[in-house]
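Asks: These protein sequence lines map, in sequence, to chains A and B.
Each residue of the first sequence is one higher than the last, beginning at 1056 in this note's numbering.
Each residue of the second sequence is one higher than the last, beginning at 4 in this note's numbering.
Don't read these hints as lab results, they were simulated from the structure.
Careful: at least some of the hints might be erroneous.
As the list claims (entries may be wrong) - Partial list, computed: chain B residues near chain A (C-beta under 10 Å):
{"#": "1", "residue": "E247"}
{"#": "2", "residue": "S254"}
{"#": "3", "residue": "S337"}
Said to hold, decoys possible - Think about it this way: if two alpha-carbon atoms lie no more than 27 Å apart in a straight line, the pair counts; the simulated DSS-like pairs of lysine-lysine are:
{"#": "4", "chain 1": "B", "residue 1": "K414", "chain 2": "A", "residue 2": "K1066"}
{"#": "5", "chain 1": "A", "residue 1": "K1127", "chain 2": "A", "residue 2": "K1235"}
{"#": "6", "chain 1": "A", "residue 1": "K1166", "chain 2": "B", "residue 2": "K258"}
{"#": "7", "chain 1": "A", "residue 1": "K1108", "chain 2": "B", "residue 2": "K460"}
{"#": "8", "chain 1": "B", "residue 1": "K274", "chain 2": "B", "residue 2": "K175"}
{"#": "9", "chain 1": "B", "residue 1": "K274", "chain 2": "A", "residue 2": "K1164"}
{"#": "10", "chain 1": "B", "residue 1": "K258", "chain 2": "A", "residue 2": "K1156"}
{"#": "11", "chain 1": "B", "residue 1": "K460", "chain 2": "A", "residue 2": "K1156"}
{"#": "12", "chain 1": "A", "residue 1": "K1127", "chain 2": "B", "residue 2": "K414"}
{"#": "13", "chain 1": "B", "residue 1": "K460", "chain 2": "A", "residue 2": "K1123"}
{"#": "14", "chain 1": "A", "residue 1": "K1274", "chain 2": "A", "residue 2": "K1261"}
{"#": "15", "chain 1": "A", "residue 1": "K1234", "chain 2": "A", "residue 2": "K1164"}
{"#": "16", "chain 1": "A", "residue 1": "K1127", "chain 2": "B", "residue 2": "K456"}
{"#": "17", "chain 1": "A", "residue 1": "K1164", "chain 2": "B", "residue 2": "K414"}
{"#": "18", "chain 1": "A", "residue 1": "K1108", "chain 2": "B", "residue 2": "K350"}
{"#": "19", "chain 1": "B", "residue 1": "K414", "chain 2": "A", "residue 2": "K1108"}
{"#": "20", "chain 1": "B", "residue 1": "K461", "chain 2": "A", "residue 2": "K1127"}
{"#": "21", "chain 1": "A", "residue 1": "K1263", "chain 2": "A", "residue 2": "K1123"}
Given the structure is predicted, the values throughout are model-derived calculations rather than measurements.
We treat Cβ as the ideally placed atom computed from N, Cα and C, and that holds for glycine.
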Amino acid sequence: MVLEINNLTKKFGDLVAVNNISISIAEGELFGLLGPNGSGKTTMIKMLTGQIKPTEGTINVLGLDVLKNPVKVRELVGIIPEQESPPSFLTAEEYLEFVGKIRNIENIKEKCDRWFHLLDFEDQRNILCRNLSRGTRQKLMVAQAFLHEPKLAFIDEPLINLDPIVQRTIKDFIQDYIKKGNTIFFCTHILEIAEEICTQIGIIDKGKLLHLGPIQELKDKKQHLEDFFIKLVKEER
Amino acid sequence: MKILKTMMKEEWRVHANLFGGAMFAFFPLLIGIGTFAASLFLPYLRTIIPDRQMLLLAHYLFILLGVGIGAFGLFGREVMNRRFGQASLIAYSSRTLPVSERTIFLNFIIKDVIYYLFLWIIPIIVGFVLATPFVSISTISAIYACGTLVISFLVGLSLVFFLSTLYAHSSKILAALLVSIIIAVLVLIRYYAVDITMLLPSYSMFYQPSLLKILLLISLILFPSAISLIFLKVDYPEKKRQYENNLGSLSDRLKFSAHSYYVAKDFLDMKRSEGGLGKIIFSFLLPVAFTWVFLYIFFEKIPTINIIMIFAIFLGIVSSSMYNMLTEFDTFNSYMFLPVSVSTVIKSKITSYMLINIISLIILLLVAMGTNQLFYFIPALCSLVTISVYALSMTIYFTGLHPTILLYNAKTFSQYVLSIAPVLFIFTIVSIINPIILLASPILLFPSLYVVKQSYKKWDNWQPLSF
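Please put together the full structure from these sequences, using the hints given.
Replies: And the structure:
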């Protein structure tokens, strides 16, 4: 298992953002964590990558205890955060170079060129991040997450603010990436995308895990993910 | 009026959101209590320092406060911007609503004046006036003095608005104007024997009030603000501007540091951000220049006090504010998803801080040479470095990467002041008794480094209270 979560709980004061969740994800899976706005998806990603500490529970990522090795875990994995937030006063190219230096990536120039080309924003490479459109900043976030070719990536709404052409490019990239044996933990509330590319799904609402299983199960029952999702969430509420 | 009211509410909510309404509301009370307590020492101070010099010092301090608060108000927009996003601030709403930038800016200035009057100036005045019955000062004179002090504050505020507008148009014109003013003042003092104190109309108003001075003061407040408003320049993002990739070459030059690319980023941030070099001028060089002027006037006639030693102590404190500036360009949110700990970013900020503070060292050397006190340069340097590092360590311990925000939390502010004040007091007393003793002051670097190490642990374990 590349990711093992046991009895994970996160409380912010009286609010229980994540409530006693256990999930195991095997190598080569594209796991989609689905849920309405404010259901606890981003809090999950932040805990799984050591950005915030859980109130209870254990997390093991690529054989490492996240609580004990948060920085090491972030070194191994790639993360697309919920909000695109590259530093304001670096150019797009400088930002990728900066990430490359933090991650000790070799041949950074070539890798940057590849991403600028793949996501079609070469003409934006010398513009300050603060002056980039939200879509271009999101491209930059996608590029930085995969620059070091991690075995496991946590991606939070990766297609937000992107045009359909780039969305297609990224979906294709993600599927190729999985075929190579890598793993992705994918958070979204856009169900069509999850239905299209995920192999396993988890449905979360108000911090509780309502469903866990392969997407194929639903497909076999000829059930649409959207209908299943809405019914499940409404029943629980 | 509606915009002004909304801006006031917004300012309150921004601060209340950051550390709770109660802690922010307590801040003026703390300033008032602090001033009251400090005022009780006035009878002792009056036996050493003449009233006139003390009042002059207070006027310079209030101008400095106006300059500092004005600069924070203008450049602080960047801080709030990163914290809340441009769209959420009324200061940026001219881009989305049918309101001109000029109207917004005018309301912004008035809001700043009212807000900071209540936050700083009125608490100081109330604290001082309440203490007058206990220190044999006429309450009427105290209130009158407070009036001229408020004018000094407004002059400082107006001055910085004017200088910032000038800077937005041309940094060269600003530099030329500042140099011309300095030369003119020096010429007036040296060749025309003009009393420098009379160059401060709010101060001279206290002793020799006249209608002419009232008019002069009103125009000193209104004229620069009006000019600033008329020639307001709005900087919209330069979408088309291309920048050369300088990160690699700059970090290569900084290879001596383990965090060379973070430090390179800090320098690029400073160079390319709103204000750029102006930030150093407004938040560092201007306060340092003011400090030197009032120390020179204040202590010139007291031979037992060594000005360069006192200046080094003040310089150490003012220089520690450079850390605040370095943390304003980014939040840790930009690093959270990378293999970076808070302590790594703090370490890199410390390196940047040390490099920028070469400016302090040069200033001290120039002052020592200019005043023929090179003999005291080494003990003064020891004081400067020690105070600067000590104040930095306390800033880091109490505020981590958020000094400009957390220092407005009454609890954090009082902890910070209580940790710094005794050390400043001891250094000042020792510098009067025998400056050479301060050669031993670097001993304080050891506890400072210990505090910094503890800060790494504290901030690496820090968790947000909400999501």
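Asks: Hint by hint, note whether the structure agrees.
Replies: Here is what the structure says about each hint:
Residue-level restraint check for E247(B) holds (minimum Cβ-Cβ distance to chain A is 7 Å; threshold 10 Å). Satisfaction of the interface hint for S254(B) is found here, the shortest Cβ-Cβ separation to chain A being roughly 7 Å, below the 10 Å cut-off. The closest approach between the C-beta of S337(B) and any C-beta of chain A is roughly 5 Å, which is under the 10 Å cut-off, so the hint is satisfied. Straight-line distance between C-alpha atoms of K414(B) and K1066(A) comes to about 25 Å, which keeps the hinted pair within the 27 Å bound.
About 23 Å separates the Cα atoms of K1127(A) and K1235(A), which keeps this hinted pair within 27 Å; it holds. Distance restraint check for K1166(A) and K258(B): the Cα-Cα separation of roughly 23 Å lies within the 27 Å cut-off, and the hinted pair is therefore satisfied. Among the hinted pairs, K1108(A) with K460(B) is consistent with the structure: their alpha-carbon atoms are about 15 Å apart, no more than 27 Å. For the suggested pair K274(B) and K175(B), the alpha carbons sit about 16 Å apart, so the restraint of at most 27 Å is met.
A C-alpha spacing of about 24 Å is found between K274(B) and K1164(A), which places the hinted pair at or below 27 Å, so the restraint holds. For the hint pairing K258(B) with K1156(A), the CA-to-CA distance comes to about 12 Å; that is within 27 Å, so the pair holds. Only pairs whose Cα atoms come within 27 Å are accepted, and K460(B) paired with K1156(A) is accepted, the gap being roughly 24 Å. With a C-alpha separation of about 35 Å, the suggested pairing of K1127(A) with K414(B) is violated against the 27 Å cut-off.
For a cut-off of 27 Å, the pair hint linking K460(B) to K1123(A) stands: about 14 Å separates their Cα positions. Simply put, K1274(A) and K1261(A) have alpha-carbon atoms about 26 Å apart, close enough for the 27 Å limit, and the pair holds. Taking the CA atoms of K1234(A) and K1164(A), the gap is near 26 Å; set against the 27 Å cutoff, the hint holds. Pair hint K1127(A) plus K456(B) holds up; C-alpha atoms about 21 Å apart against a cutoff of 27 Å.
At roughly 48 Å between alpha-carbon atoms, K1164(A) and K414(B) are farther apart than 27 Å, so this suggested pair is violated. For the hint linking K1108(A) to K350(B), the alpha-carbon distance of about 23 Å falls within 27 Å, and the restraint holds. Taken as a hint, the K414(B) and K1108(A) pair is honoured in the structure, with Cα atoms around 26 Å apart against an allowance of 27 Å. Of the pairs offered as hints, the one joining K461(B) and K1127(A) holds, with about 19 Å between alpha carbons and a cut-off of 27 Å not exceeded.
A hinted pair counts as satisfied when its Cα atoms are at most 27 Å apart, and K1263(A) with K1123(A) qualifies at roughly 25 Å.
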